[in-house]
Each structure stands twice: as C-alpha cells, then as structure tokens.
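**Q** Going down the list, the protein sequences come from chains A and B.
Counting along the first sequence from 1, when you hit position 241 you're at 241 in the numbering used here, and nothing is skipped either side.
Counting along the second sequence from 1, when you hit position 164 you're at 164 in the numbering used here, and nothing is skipped either side.
To be clear, the hints were calculated from the coordinates, so they are not data collected in a lab.
Note that the coordinates shown come from a computational prediction; the quantities given were computed from them, not determined experimentally.
Please note: incorrect hints may appear among the correct ones.
Partner residues are not named here, just some residues of chain A that face chain B (Cβ under 7 Å, in silico) [to be verified]:
#, residue
1, V125
2, R128
3, A129
4, K137
5, M251
Between beta-carbon pairs, the in silico distance windows are [stated by the list, open to error]:
#, chain 1, residue 1, chain 2, residue 2, range
6, A, D224, B, P310, 21 to 31 Å
7, A, G192, B, L278, 47 to 57 Å
8, A, G59, B, A304, 19 to 29 Å
9, B, A416, A, K61, 42 to 52 Å
10, A, D236, B, N8, 31 to 41 Å
11, A, G59, B, V259, 33 to 43 Å
12, A, S221, B, R24, 38 to 48 Å
13, A, D224, B, Q27, 35 to 45 Å
14, A, K162, B, V34, 54 to 64 Å
15, A, A119, B, M337, 34 to 44 Å
Pulled from the structure, derived: some chain B residues nowhere near chain A, Cβ distances all over 12 Å [stated by the list, open to error]:
#, residue
16, A33
17, L103
18, N254
19, S312
20, V364
21, I419
Just so you know, even glycine gets a beta-carbon here, dropped at the ideal spot from N, CA and C.
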Amino acid sequence: MQGSEKTNASQSVTYGAVPDEAVGLDIQAHADVSGYETTGNPFVSNAKMSARNVNVFYGEKRAIMDVSLDIGENEVIAMIGPSGCGKSTFLRSLNRMNDIIPICKVKGEICLDGDDIYAAHQDTVLLRARVGMVFQKPNPFPKSIYENVAYGPKIHGLAHSKAELDEIVEQSLRRASLWDEVKDVLDESGTGLSGGQQQRLCIARAIAVSPEVILMDEPCSALDPIATARIEELIDELKQQFTIVIVTHSMQQAARVSQRTAYFHLGKLIEVGDTKQVFTMPAHELTENYITGRFG
Amino acid sequence: MTRDRFKNTELIKASLDKRYARERRFQMYGKLAVLAGFVFLFVLLFDIVSKGTPAFTQHHIAVAVKFDVDTLGVDSTSSAEEISKADFSSVIKPSLRAMFPDLKSRGDKRQLYRLVSIGAEYDLRDLVLEDPTLLGQTADIWLLAHSQSASYLKGQLTRAIPEAERKVKDMQMEWLDQLRDEGRIKASFNTTFFTYGDSREPELAGIRAALQGSFFTLLVTFLLAFPIGVFAAVYLEEFAPRNRLTDLIEININNLAAVPSIVFGLLGLAVFINFFELPRSAPLVGGIVLSLMTLPTIIITSRAAIQAVPPSIREAALGVGASKLQTVFHHVLPVAMPGILTGSIIGMAQALGESAPLLMIGMVAFIMDVPGGVTDPSTVLPVQIYLWADSPERGFTEKTSAAIMVLMGFLILMNALAIYLRKRFELK
Chain A
1 MQGSEKTNAS
11 QSVTYGAVPD
21 EAVGLDIQAH
31 ADVSGYETTG
41 NPFVSNAKMS
51 ARNVNVFYGE
61 KRAIMDVSLD
71 IGENEVIAMI
81 GPSGCGKSTF
91 LRSLNRMNDI
101 IPICKVKGEI
111 CLDGDDIYAA
121 HQDTVLLRAR
131 VGMVFQKPNP
141 FPKSIYENVA
151 YGPKIHGLAH
161 SKAELDEIVE
171 QSLRRASLWD
181 EVKDVLDESG
191 TGLSGGQQQR
201 LCIARAIAVS
211 PEVILMDEPC
221 SALDPIATAR
231 IEELIDELKQ
241 QFTIVIVTHS
251 MQQAARVSQR
261 TAYFHLGKLI
271 EVGDTKQVFT
281 MPAHELTENY
291 ITGRFG
Chain B
1 MTRDRFKNTE
11 LIKASLDKRY
21 ARERRFQMYG
31 KLAVLAGFVF
41 LFVLLFDIVS
51 KGTPAFTQHH
61 IAVAVKFDVD
71 TLGVDSTSSA
81 EEISKADFSS
91 VIKPSLRAMF
101 PDLKSRGDKR
111 QLYRLVSIGA
121 EYDLRDLVLE
131 DPTLLGQTAD
141 IWLLAHSQSA
151 SYLKGQLTRA
161 IPEAERKVKD
171 MQMEWLDQLR
181 DEGRIKASFN
191 TTFFTYGDSR
201 EPELAGIRAA
211 LQGSFFTLLV
221 TFLLAFPIGV
231 FAAVYLEEFA
241 PRNRLTDLIE
251 ININNLAAVP
261 SIVFGLLGLA
271 VFINFFELPR
281 SAPLVGGIVL
291 SLMTLPTIII
301 TSRAAIQAVP
311 PSIREAALGV
321 GASKLQTVFH
331 HVLPVAMPGI
341 LTGSIIGMAQ
351 ALGESAPLLM
361 IGMVAFIMDV
371 PGGVTDPSTV
381 LPVQIYLWAD
391 SPERGFTEKT
401 SAAIMVLMGF
411 LILMNALAIY
421 LRKRFELK
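Generate coordinates for the entire structure from the input sequences, incorporating the hints supplied.
**A** Okay, here's the thing in structure tokens:
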C-alpha cells in the first residue's frame, strides 16, 4: 500500500461519488472571481496542517484553484460556501480521500506537521490514521457497535489485549457521548441506531485511533436539530484534543462551533478570518452576499 | 375560464372509461400470462410425479428357498470365497417349481422363473454369507420381484391389454394373484433405487452412482469455480486499472457466459482428456469442464454484488486508515457475500442440471459401480435420466421420472438455500 494510491490514480472503482464540483460549476453567482486574492490572513503561527497553492483537478476540470490555507493546532475551522464551491473537495484532499477517485489529481503542497502528505514516501494508511474523517451521511460498518469502534485500533495494532481494546472502545464512546446510550447493546448492529447516534458512532470510530486532525464533511446535514445540537456540543468538547476541520452548509453552525471560517466560492478561497469577524463584518462582497442569504 | 374548466372536466370524464378499460385489459393479459405459465408448470409436474411415484415402491415375493447343499456345492463349512462363487440361481428355480408343482412345459417354467428378479440370487448369496447355517435348510425368503411382475402388481398392466402386447402373460398374472392371496407378496419403499447404481434390469437400477457422481462433479466445480470466480471478481472490481485490456476481459467474460455448454465439453475432451490425459468419464474432468461453464456466472454475479456495496462503507474503512486489501476483505466482501453466494448457488444449480458437456467427456458410459472418488468413472443425474429415457422398458420410464423428481428436488433445495442465505444476511 506504500503510496500506491497516488501512482494508481487510474484505478477502476468509483469509491466515492464524484462530488458536485466535478460535475458542473454552474452556480447562480455571476460575480467575477478571476484574478482574485484571498481576503484576510490564511496563515497562522501554530499550523497543524498547511496548504500552499493547492489545485485539484477532476480530469480537465479545475475544482480548486490556488488555495493556500493554514489549519491551526487545536482549532475548529469551518469551511462554508455554496454547493459546488470546492469545500468538500478541499477537505478530502487533506487526508487524500480524493485518491480513490480515479480522475482526481491534486497539485500543490499540503503539509501535516511540515511533512508533505503527497510526497512519494507518504503512506495513505498512516496519514488517514493521523487525519481521521467523519462523513456527510452516517456510515457505520454493518457490524456491531463494539466492532465499529474497535476496528481502527485493531487494524493499526493499537491495543495489546482485549482489556485494552475494551478500554479504548469505552473511552471513545464516552468522548463521543454515546456510551450511556449503547453500553448495554454493544453487540448490536451499528446500523440499527438512530441517525444522530450513528453519526456519533462514526465520530467515536474516528477518535478511537487517536487522530491528530478530524475532518468533518457536513456531519449534521442528515440529522435533525436535536441530534445536530448534540454533535455541536461534542465538537466543542473534542477541540480540546483535536484539530477539527468542518465543512458545513449551515452558517449558524459555522458561527457556533468554529474559531475561524473560510469562505469558498467557485473553487477559490475568497475570504478567511476569525469566525466572529467573517460573520459580522465580512470583508469581501461575495462573502457578504452569501452570509446575508443573497445566494447559495 | 369557468366554462373552459367545466368543459375540461367533461372531456376527462369521457376519456376515463376508456383509460380504465385499457388498464383492466392489460392486467388481464398479465394474469393470463401468469396463468399459462402455471398451467404448463403444473402439467409438467403432474406428468412427472404421476409417472415417477410408482418407482418409489418395490415388491418382494416370499419364496420357500431350499438351500440344497448338493446343488450349490458348498456347505456351512465352506469358506466365504467358495460361497461367493456358488450359483444361487440353481436353488431359486427348484424352489419356485416346488411352489407350483403342476408345471410341465419348459416354456411355462421359464415364465415362472421370470417372476423374480435375476438380482435375487445375489441377495441370497449375501444372506448365506452373513449366515452360513442357512445352507442345507429351507426358509421363506423375500425375493425381489421382476420389474414386469412389479408393474402388474402396481396395476400398470391389466388383462384388458391383449396378451400378445404385454410382457406379463396371463399365466404369470394368475401366479401373482395366487401369491398375493397367500400373502406372499409385499410392497415396500424402494430403497434399491437410492442404494444401487445403474443396471440393465429396471428393478435393480438405482440413482446412487449418479448421485455420487453428481456430488463429486459439483464438489470439483465448486472448489475450482468459487474461489477463482470470487477472486477474479474482486480483482477486476477493486484493483484492476480501468483500461482497454480490462474492458476486453469484461466483454469476453460476458461472451463466455453465452457460449453453448457443449462447446465446453469439446474443449474438455480436447484439452483435459486428449492433451493432459486425465481419466475419461471421471468427475474430475466433468467438474473442471462445468467450472469453466460456471465461472462467468460466478464472476458476473460477484462483480454485481461487489458493485452494489455502498461506497460509503469503503470510504468509512479507508477513512480510519484501513488498507485497500483490508477494506475489501473486512468490509466489502462480507457485505457482498449474500449476493456472491446466491450467484454461486445458482451457477452450481445450473451445473447440476447440465448434461451436454458431460456427454462429450464420456460420462455417458453405462456405469454400475458407485464411484468412490473424483477419478472413478461415473455418471451424473441428468445423464442418468438421459440414459434411462432412452430405454423402452416400462420399468425405466418410471425410473426416468423418479430421477427427474430427485434432480428437481435438489435444484429446489439449492435455490431455497440461496434465498435463505440472502434473507439471512440481509437481516444483519
């Protein structure tokens, strides 16, 4: 598996559906974004991950254009923007999930702790253990709740005994604030839980391997407001230990959970800044139009 | 505007009847089609079952057999080998004559001897081998009835048929009636049918050899086709690069599924028997040939099953850092398994019912012995049916239908298994 996914870019399986960006970029915003420059300061001093001049292509189509952005240690950064703006694509390039889309190519540099994750010697297995991911639709394995959480630690050999594994599972479920609800039904299928519980299970699964960064791709879009509120509380707690990158369609959610917000538009990073500033005093016209609901 | 709307309502109302009539007509055609299918199926099944059911009964005649030491040339002190060589038909004939002492002509006597199966002497031999003290004594022994006697006893032949047109003569019918009145005839479940191999005598013919042959053949087929098919499907679906070569392979697999099965038989004859000199008529070669035939089915259904696994499961596994191989084996295959198993079982059911390619590799030979392994000459159930269907005797006609019943029983069993597995895995 050593770096094989990058070289095998022409693989056959269509793992993920190609995100919207690949299909068409026609969104109802006619503002001219050529010759743009990111408004605000995309760089931070304590960068956990840093992207420099990242371009992502789906075949001929350029879905991300020259994006440079730092993700600070232990911060929650939200990415917002209209559908098809490239925020999901950018997120997925942070742990090389884009590798499994055959026609997808990433150019530029993305570093994790100063190491280029797209370098030839990099291993996607290790990278994804360090940069975990929570998906838009809750996708627990069709296995028991216990197995769902234990799977990551098992394949990475993180637990040396059954007791240790039990401990990891319990800790992860506790941190995902799911433990009390499932502690008596650990042997039941993870797919039998409610949508909100499933998503928390997926978060438990992600944190069970103790990643350094957690990527969340619209984690609440399939959930009701109550489940959403629980996930948001959870994000608030998790930021103590993890760096979290969250893509969201809900501006209220971005405002509630994040410290910094990045606004994407047509594959470009238009504006980035403190969440409070972006939502109260957006510097760029496009950002203002978007957050005031004029389009998107 | 109001008037227009009123007019529209009228127009729509007027057309409603026509539309509903059309729908009713269509539904009726559908019902008729389903009904026709059921009628054909029912006629077929009724024909087979009504013809085949008598084959599950066999008749025995109680004969007071005198184990004459002088005639047999052996006594209770003889070795098993000597007893095996003795001619036991020599004691059956006098014993039968003793029961009907007033027969004079040779022709009548020959008719009398034909009441019991020629297999009866081997049953006697086995009895004596088991209990040599019988030698020198006279005992009532249940001897297997000849298939023609049996068909009279089963009521398939009656006196209404002119004597010249039936094999059981009036004289024999009288004897059988007399024996039945004396309580010397018993009908029982036909165990011979399930424990014997093929025979020239209908009453001694069974499907055991064919069943065993089918079992060994399917075993070879499964052991070859299942792993090769599934791994080929996994590789093509998950690992192979998408290029012209894999497209070509895919097209050819689809084509292979449409190749007439007899072509695979010719291939087996040319390659496995003539070139590799594998044994003729053996389940090994039959299994290899059938696995070639089943492979495309398994590959195609497995690929479909793998494709149907939601991409989100793969993403989830990759997302926690599983390698590609781990993703496939821990998550994709278990989810795809019911589909793969269903496809494989249906492929195996196809193979079980296949006869044409096996004719080409010599599995059509007349084989009495039950095969003990994959290299022993043997036949399979469909070929046995084909062989029996070729025999004109009434005894074989019912055997043919009975064997079809058994074959269909197995096919239904396999399909039920496929459905059960699918349901079971779907619940999880």
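**Q** So, for every hint listed, does it hold in this structure?
**A** Comparing the hints with the structure gives:
With its C-beta approaching chain B no nearer than about 5 Å, V125 of chain A sits inside the 7 Å limit, and its interface hint holds. Contact between R128 of chain A and chain B, as hinted, is supported at the beta carbon level, the nearest pair being about 4 Å apart and thus within 7 Å. The interface hint given for A129 of chain A holds, since its Cβ lies 4 Å from the closest Cβ of chain B, which is under the 7 Å cut-off. Satisfaction of the interface hint for K137 of chain A is found here, the shortest Cβ-Cβ separation to chain B being roughly 6 Å, below the 7 Å cut-off.
This hint is violated: M251 of chain A has a C-beta 26 Å from the nearest C-beta of chain B, more than the 7 Å allowed. Checked against the hint of 21 to 31 Å, the pair D224 of chain A and P310 of chain B passes, with Cβ atoms roughly 22 Å apart. A hinted range of 47 to 57 Å for the beta carbons of G192 of chain A and L278 of chain B is consistent with their spacing of about 52 Å. In this structure the hint that G59 of chain A and A304 of chain B lie 19 to 29 Å apart at CB holds, the actual value being about 27 Å.
Distance hint for A416 of chain B and K61 of chain A: a CB-CB separation of about 51 Å, consistent with the stated range 42 to 52 Å. Here the CB-CB span from D236 of chain A to N8 of chain B is close to 59 Å, at odds with the stated 31 to 41 Å. Checking the proposed 33 to 43 Å range against G59 of chain A and V259 of chain B shows it holds: the Cβ atoms sit about 37 Å from each other. For S221 of chain A paired with R24 of chain B, a C-beta distance near 46 Å keeps the hint of 38 to 48 Å intact.
For D224 of chain A paired with Q27 of chain B, a C-beta distance near 42 Å keeps the hint of 35 to 45 Å intact. Judged by the Cβ atoms, the range 54 to 64 Å given for K162 of chain A and V34 of chain B holds: they are separated by roughly 56 Å. Checked against the hint of 34 to 44 Å, the C-beta distance between A119 of chain A and M337 of chain B comes to roughly 38 Å, which is consistent with it. Every Cβ of chain A is farther than 12 Å from the Cβ of A33 of chain B; the closest lies at roughly 38 Å, confirming the non-interface assignment.
Listed as a non-interface residue, L103 of chain B keeps its Cβ farther than 12 Å from every Cβ of chain A; the least gap is roughly 78 Å. Residue-level check passed: N254 of chain B sits 16 Å from the nearest beta carbon of chain A, beyond 12 Å. Distance check on S312 of chain B: its Cβ comes as close as 4 Å (rounded) to a Cβ of chain A, failing to clear the 12 Å threshold; non-interface status is violated. At roughly 43 Å, the least C-beta separation between V364 of chain B and chain A is larger than 12 Å, which holds for a residue marked as non-interface.
At the 12 Å boundary, the C-beta of I419 of chain B stays outside the reach of chain A, the nearest C-beta of that chain being 20 Å off.
Of the numbered hints listed earlier, those contradicted by the structure are 5, 10, 19.
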